[in-house]
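Line by line, the protein sequences give chains L and G. Count along the first sequence from 1, then add 17; that gives the number in the numbering used here. Count along the second sequence from 1, then add 72; that gives the number in the numbering used here.
FYI, nobody ran anything at the bench for these hints, they're computed from the structure. Treat the numbers as computed from the prediction; the structure is a model and nothing was measured. In this text, a Cβ means the ideal position worked out from N, Cα and C, and glycines have one as well. Do not rely on the hints blindly, as some may be mistaken.
Said to hold, decoys possible - Below, computed lysine to aspartate or glutamate pairings styled on EDC-like, alpha-carbon distance capped at 20 angstroms: (1) K310/L <-> E279/L; (2) K476/L <-> D445/G; (3) K179/G <-> E116/L; (4) K276/L <-> E327/L; (5) K251/L <-> D77/L; (6) K80/G <-> D136/L; (7) K81/G <-> E278/L; (8) K80/G <-> E133/L; (9) K435/L <-> D402/L; (10) K81/G <-> E133/L; (11) K171/L <-> E116/L; (12) K435/L <-> D286/G; (13) K414/L <-> D445/G; (14) K171/L <-> D136/L; (15) K80/G <-> E477/L; (16) K129/L <-> D157/L; (17) K168/L <-> E124/L; (18) K81/G <-> D139/L; (19) K435/L <-> D445/G; (20) K154/G <-> D184/G; (21) K81/G <-> E116/L; (22) K435/L <-> D281/G; (23) K179/G <-> D157/L; (24) K384/G <-> D300/G; (25) K80/G <-> E205/L; (26) K414/L <-> D286/G; (27) K179/G <-> E124/L; (28) K171/L <-> D157/L; (29) K164/G <-> E408/L; (30) K81/G <-> E477/L.
Stated by the list, open to error - To spell it out: a stretch of chain L is covered by chain G in this simulated footprint if at least three of its residues, at any positions, have a beta carbon under 8 angstroms from a beta carbon of chain G; those stretches are: (31) 56-62; (32) 116-123; (33) 215-226; (34) 231-245; (35) 248-262; (36) 293-307.
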Amino acid sequence: MSALLNQKIQAVFDEPGCDKNQGKSEKERKKGCTKQLAPGAAAGGCAFDGAKIALQPIVDVAHLVHGPIACEGNSWDNRHALSSGPLTYRTGFTTDVNEMDVIYGGEKRLYKAIKEIIDKVDPPAVFVYQTCVTALIGDDIEAVCKAATAKFGKPVIPVNSPGFAGVKNLGNKLGAEALLDYVIGTEEPEFTTPYDINIIGEYNLSGELWQVKPLLDAMGVRVLSCISGDARYKEVAYSHRARAAMMVCSKAMINVARKMEERYDIPFFEGSFYGIGDISDSLREIARLLIQKGAPDELMARTEALIAAEEARAWARLEPYKQRLAGKRVLLITGGVKSWSVVAALQEVRIEIVGTSVKKSTKEDKEKIKEIMGLSDHDRAHMIDDMSPREMYAMLKEARADIMLSGGRSQFVALKAKMPWLDINQERHHAYAGYEGMVKLVEEIDKTLYNPVWEQVRKEAPWDAPVAEVAHG
Amino acid sequence: MAKVTIPKKACAVNPLKMSQPLGASYAFLGMNRCMPVMHGSQGCTSFGLVVLVRHFREAIPLQTTAMNEATTIMGGMENIEKAILNIRSRAKPDLIAICSTGLTETKGDDVDGFLKLIRQRHPEIADTAIVYVSTPDYLGAFQDGWAKATTAIIETLVEPIQIRPVRSRQVAVLPGCHLTPRDIEEVREIVESFDLAPIFLPDVSGSLDGHIADAFSPTTIGGTTQADTRRLGASLATIAIGEQMRPAAAALEARAGVPYRVFDRLTGLDAMDQFIAHLAEISGTPVPEKWRRQRSQLQDAMLDGHFFFGGKKIAIGAEPDLLWTLGSLVTEMGATLHAAVTTTASPLLERLPANEVLIGDLEDLETGARGCDLLITHSHGRQAAARLAIPFHRAGLPLFDRLGAGDVLSVGYRGTKALIFTLGNMFLAEHEHHEVAPTQWALPEETLRAVEQARPAPPTTLAA
């Protein structure tokens, strides 16, 4: 790994905005937060995956993966980050290096690939992703990108996050570092307003940003830049002119939020778009920060009016489900902040949470879950650190839960146990953000739970069923 | 007939190809009570896992040695050792199957050597079979990984035998990765109808046919068993399906003297006739009435369908064996293979009924498919088809935006018939989009103008 990348990783781990890091001794902190993965018992993505997740939603740039076919060939087009315009981001570009490149180096091929893309597609920028193999053979993507930028007069951005550097979350941060180093602050917006905000760490999966944007429009707030959902290159480049920022959910991109506060004096808060209470709080906080930065006070009054109207409308739409869902038990297997914000949301319709995973949650997240669920310090049963598929299956098979909410990879654990399952991870097709999304989530849970198919699939074959008493007439 | 071309592009745009380790892992999923492992960083496995989960809509057992920067530099022995011990204690599989990745091949890990040392250090794992195959990402493609894995299984596990049982009814069947679980079931039914006892290697029909098991299993459920794998050498013959399986069949012959025949496809009337004749010959059993009937049905379907295939231009992007299968069939039905793109080298490519075959990507396919009547490739081709506004048939892997990827049948008389109907109906449906309207045969503007001008001038005045 290059010295530069090593420094980057150290810096990312030294994140002052992360309480967890600050709680550690200096020695511990140096080790970073990457837990040594257990060979043969590990699952999940790598740092390259994380960087791609964080940056791919910038929809008008070409994302070029420098590596062998596995990295892009096996992974492209598997998330539903949506675009309101350009579709360049959905084209898979890879150098698909071969044996000769591995021996002689792949830099020339990379340079030519960048040229081909610029000739053919002419995107506003090219993002070049480093991978394990090309990092290992010592391809210097920073140098190639620098040369290409100079030659073609177009930003060519190196994203130095090879898979073996660590886990997905680290990759999110390294991807964000590329934005901080090469993109943010390099352009100027045509005009600014006192109502300009950045949204950080929202990827517009299934169009969730679009569920929230109408609310901001109604408040008169302008999203100067969403990093990175449905973003255009230019808007990320001029995002340093925003007045305030909201960091959505996960701490994936805290380094962007914090460094922008440090460099450009943009205050930020962490909020969630999931759950009625949380979305309202987030809107209030946006208004508060903008006012603090000089926006007129009346913004808060408009915000409160919007919240009152939308909350009432959402509750009215949820009312019919309360009766049907009361007491239904949910097993929630998801990561990070999603675990508590969804818990809060589900409790709003009286659904019981029998367990929620906290594997990817921070200490703060865990405290919040305890608070929301009213758990004592000893009540650890509801907080699942690392549940094996076998345990999940057993729990569902024994019907200790009525439905599991998780990501796509564990869905078949539920389905094979003949239990309802709903996707709340990145591959899902429904959007669950804002008031709109909350109603949709509850609708989907109801639809799944009450589907007549469950009764049918659980029924025994007639020849296996115990002989019933036949009524003689 | 076809010229094989490798475009000189530095950048693959919209890759058609998937990697060797993924193909190898897929083959290992056809082994019963197996845990496939990719020796590489966590992402290698994660991406592969997502592809297979989306395609089959099944839980997929697949593990990783979770290599990081330091372990890569120091060598992966310790990670392989830990992985084997972890998997053994957690999943208790019969077989741990390891394939390498670009990362560990670039570093140059000597996994065969590692495994010897690990066996020495841990005599307690003697009861767990371990197969290793070298599959760097930067060489070959999915199909090659599958073929290499099958060969490695044969070379590691099949017991060499000296004396063949004289009256064996056992045949070894080596299906290529282009056969779906449903296809394999069909081949099994056909082979068994000749009173033969087939052992499929690998056999994804047991593990990925979409059924609900009685209990949870961390390993594969179904597939070729250890016992069956070991006794493959006692087969009276090997039937390899797909050119990709030739090296595996040859390996079985080298190890146990089993004679083999490669069938490059089992789709199409002529191809099936040869297969049925071969089975009748090696089994000494007459052809069952059932196949005669299905053969006649296929002939009828071909007659009905040929009207709609005739003259159609078709673009196909697929791995060599699948490309060969589909390209041959549509040509036999009267269409032309206008654009052909594939992923890796194969002796079949030159024999394809096309002018040129590109070893390329979906961008090449999209360019070649302009003006075609049908595009055939895996699900990633859907955007290209939409841009070209032509019908799109999904074939191959991954097939993630439709249900029942594992249940598609396109081999045998019955499967060929189904494929002809499916493709034929796409042409028919397309036809409906262009219904005849009153203006359909309107004369062109210049004709009308010419007519207008040619008309003799009307008499200027009539006597009032």
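inquiry  = Hints numbered earlier in the text: which of these fail when held up against the supplied structure?
reply    = Hints 2, 4, 7, 9, 11, 13, 15, 19, 24, 25, 30, 33, 34, 35, 36 not satisfied by this model.
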